[in-house]
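There are 2 protein chains.
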Amino acid sequence: MTNKINIGIVGYGNLGKGVRKAMKQNPDMELKAIFTRREVSQVSENDALMVHISKIEDYKDEIDVMILCGGSATDLAVQGPQIAELFNTVDSFDTHAKIPEYFDKMEQVAKSSGNLSIISVGWDPGLFSLNRLLGNIVLPEGKDYTFWGKGVSQGHSDAIRRIEGVKNGIQYTVPVEEALEKVRSGINPELSTREKHIRVCYVLPETNADLRIIEETIKNMPNYFLDYDTVVNFITEDELKRDHAGMPHGGFVIRTGVTGDGNNQKIEFSLDLDSNPEFTSSILVAYARAIYKLSKEGKNGACTVFDIPYTYLSPKSPSELRKELL
Amino acid sequence: MTNKINIGIVGYGNLGKGVRKAMKQNPDMELKAIFTRREVSQVSENDALMVHISKIEDYKDEIDVMILCGGSATDLAVQGPQIAELFNTVDSFDTHAKIPEYFDKMEQVAKSSGNLSIISVGWDPGLFSLNRLLGNIVLPEGKDYTFWGKGVSQGHSDAIRRIEGVKNGIQYTVPVEEALEKVRSGINPELSTREKHIRVCYVLPETNADLRIIEETIKNMPNYFLDYDTVVNFITEDELKRDHAGMPHGGFVIRTGVTGDGNNQKIEFSLDLDSNPEFTSSILVAYARAIYKLSKEGKNGACTVFDIPYTYLSPKSPSELRKELL
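Chains as they are written, first to last, in numbering that gives the first Met the number 0: chain A, 0 to 325; chain B, 0 to 325.
What the hints contain is simulated information worked out from the structure, not anything from laboratory work.
Keep in mind it's a predicted model, so treat the numbers as computed, not measured.
One should not assume that every hint holds.
Because identical chains cannot be distinguished in the list, a pair is counted as satisfied if it fits within a single copy or across any two copies.
[To be verified] Here are the simulated BS3-like pairs of lysine-lysine, each with C-alpha atoms no more than 25 angstroms apart in a straight line:
| id | residue 1 | residue 2 |
| --- | --- | --- |
| 1 | Lys149 | Lys16 |
| 2 | Lys59 | Lys31 |
| 3 | Lys142 | Lys315 |
| 4 | Lys97 | Lys110 |
| 5 | Lys20 | Lys218 |
| 6 | Lys315 | Lys97 |
| 7 | Lys97 | Lys322 |
| 8 | Lys104 | Lys322 |
| 9 | Lys104 | Lys315 |
| 10 | Lys166 | Lys181 |
| 11 | Lys20 | Lys142 |
| 12 | Lys322 | Lys110 |
| 13 | Lys315 | Lys110 |
| 14 | Lys59 | Lys315 |
Generate the whole structure from the sequences, applying the supplied hints.
Dropping the structure here:
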């Protein structure tokens with residue numbers, strides 16, 4: 000029997016829990032520990048794998064790859080470089096504008112520690128990025144479009160919940176079908192923010208709250224809702240629990256272009272996900288496998304999904320893959 | 000100014016012509032010569048770039064990568080190993096069952112000559128293979144489906160043309176919409192050959208040919224049509240020219256799977272192509288760029304699309320790609 004790849008999880012929110020589930024579908028890997036900043040005794044699913052983050056260094060010889068499951072905004076910018084001093088890492092850093100800066104920091108730390116760190120893994124950034132890049136490469140004369148949804152936006156949901164009179168709420172980003180069809184037709188439309196997506200909110204108000212004011216406050220919120228056509232639905236606590244407990248998401252990357260003497264060509268990649276965090280977690284686990292293999296080959300520093308050949312993501316051998324899937 | 004990547008084309012059919020057109024969209028490359036087995040004076044577009052294949056060895060120091068544009072069945076199996084003795088190569092070997100054997104042969108030749116050869120580049124095998132592999136990696140518990148079309152099948156068109164009384168003809172493979180919808184619904188259907196695709200033929204008969212006999216002969220042809228629902232349309236020479244001069248193709252790779260506690264997840268990749276050969280050619284050119292870069296790094300032997308990180312396909316730098324497309 001070959002040795003398993005030993006994995007650690009840092010952070011035990013939706014993403015960390017998703018990674019734990021995904022490990023069960025990947026028998027070549029073994030989960031060794033889950034690191035949390037909370038008191039271990041206070042984590043709801045407290046079990047033998049839970050370890051306080053202060054002890055992470057003790058696991059240096061035991062864990063091949065750490066999967067960082069914190070959020071970009073606060074956790075990763077700090078945790079990433081700290082942990083890359085000690086371990087190979089995989090993270091889902093998704094603040095697009097700050098990727099170059101974060102990459103440089105991780106590159107510097109991982110180069111000097113001799114570890115390998117892959118950043119911004121997931122589906123966007125991640126699989127969507129790969130498809131944007133592929134579209135640009137194969138159809139240099141063309142245009143690409145990314146649509147998100149139908150899916151829950153955590154940031155927009157949070158913004159709703161901060162409004163006075165709102166007890167709870169959830170926001171779905173929904174691509175406009177008409178815009179999708181325009182893009183697919185190959186006419187390379189220029190689409191405004193408003194034309195691409197609508198925002199649909201389900202709001203549970205406090206008793207006696209002024210619904211009209213809540214609705215106006217949402218629709219006029221700059222950055223979040225003002226530039227969009229926003230639909231506000233008020234619902235009951237029961238409806239919220241029954242209909243909005245899942246975390247669906249998805250989207251489309253479409254590249255339309257022209258080759259030769261004006262032949263239209265179209266590439267489309269899409270995702271339709273019942274659980275956004277579980278899907279992202281499955282991707283993180285696959286890239287952890289690649290990082291393990293590449294690190295064994297002596298690679299170190301920082302990298303992204305653009306740098307990883309698909310063979311490294313699979314537990315199968317290159318010759319099996321050629322035979323079965325090429 | 001940096002040096003351009005010097006490209007040679009071997010074979011000047013639809014694919015070779017497509018590569019020539021694609022070169023114009025990739026200004027970091029330069030077409031140095033087109034090698035043909037025909038007498039150069041007899042090639043319709045005879046120009047300064049046309050060279051008889053017997054002189055290929057003279058270009059050893061002038062060409063970085065040869066793009067082989069012959070067909071798998073006859074040309075590549077022989078030409079591939081011969082040319083890999085002298086040059087880095089890219090080909091579109093597409094006889095799926097013979098890929099392992101062809102790979103081993105190319106690996107052996109290219110290893111000993113110190114060249115780098117990528118085989119089976121295009122969209123299937125090629126981009127579709129990448130998406131089948133990705134689906135298997137990210138959703139280990141799932142099922143994948145490939146549908147082809149609507150598009151012209153050269154082999155089936157040829158089979159029609161060999162029938163007595165047929166002057167000309169063309170065959171389109173068309174995915175069955177109902178089957179696609181079943182797959183997308185996530186119920187993991189078992190689909191027979193007949194349920195997945197229909198075959199639609201447009202036949203120009205000889206004067207006085209027996210149309211009933213032609214139709215029966217097509218529909219009952221084993222391997223080609225017998226296992227499918229086949230539609231035969233008889234058309235005039237004018238209709239054939241007017242409506243069937245293009246070479247459209249496309250298709251779908253769909254992976255449906257389950258994560259965690261039964262959440263359904265779906266990944267779909269699709270192509271909709273006005274010109275199959277021009278699109279395939281664009282892919283060949285991008286992989287020629289990767290082969291050039293990897294060969295400069297000292298890599299040799301045989302490889303496939305599974306082994307190539309997307310960064311190598313692009314003329315842009317890794318940091319530009321991270322900034323613009325991640």
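Now the hints, each set against the structure:
For a Cα distance limit of 25 angstroms, the shortest separation of Lys149 from Lys16 inside one copy, 23 angstroms, qualifies, whereas the shortest one across copies, 42 angstroms, does not. In this assembly of identical chains, Lys59 and Lys31 lie within 25 angstroms of each other by CA distance solely inside one copy; the values are 12 angstroms within and 54 angstroms between copies. Only between protomers do Lys142 and Lys315 lie at most 25 angstroms apart by alpha-carbon distance; the minimum there is 17 angstroms, versus 35 angstroms within a single protomer. Only within a single protomer do Lys97 and Lys110 lie at most 25 angstroms apart by alpha-carbon distance; the minimum there is 20 angstroms, versus 42 angstroms between protomers.
In this assembly of identical chains, Lys20 and Lys218 lie within 25 angstroms of each other by CA distance neither inside one copy nor across copies; the values are 38 angstroms within and 50 angstroms between. Taking identical chains as interchangeable, the C-alpha atoms of Lys315 and Lys97 lie at most 25 angstroms apart only when they sit on different chains, with a minimum of 20 angstroms there against 35 angstroms within one chain. Taking the shortest alpha-carbon separations for Lys97 and Lys322, only the inter-copy value of 9 angstroms comes in at or below 25 angstroms, while the best intra-copy value is 41 angstroms. With identical chains, the CA atoms of Lys104 and Lys322 are at most 25 angstroms apart between copies only, with a shortest distance of 15 angstroms across copies and 40 angstroms within one.
In the homo-oligomer, the alpha carbons of Lys104 and Lys315 lie at most 25 angstroms apart only across protomers (22 angstroms), although the nearest pairing inside one protomer, at 33 angstroms, exceeds that limit. Taking the shortest alpha-carbon separations for Lys166 and Lys181, neither the intra-copy value of 39 angstroms nor the inter-copy value of 40 angstroms comes in at or below 25 angstroms. Proximity of Lys20 to Lys142 under the C-alpha cut-off of 25 angstroms is restricted to the inter-copy arrangement: shortest distance 19 angstroms between copies versus 37 angstroms within a copy. Taking identical chains as interchangeable, the C-alpha atoms of Lys322 and Lys110 lie at most 25 angstroms apart only when they sit on different chains, with a minimum of 21 angstroms there against 36 angstroms within one chain.
Taking the closest pair of Cα atoms, Lys315 and Lys110 come within 25 angstroms of each other only across two copies (23 angstroms); inside a single copy the shortest separation is 29 angstroms, beyond that limit. In this homomeric assembly, Lys59 and Lys315 never come within 25 angstroms of each other (Cα to Cα): the closest approach is 27 angstroms inside a single copy and 37 angstroms across copies.
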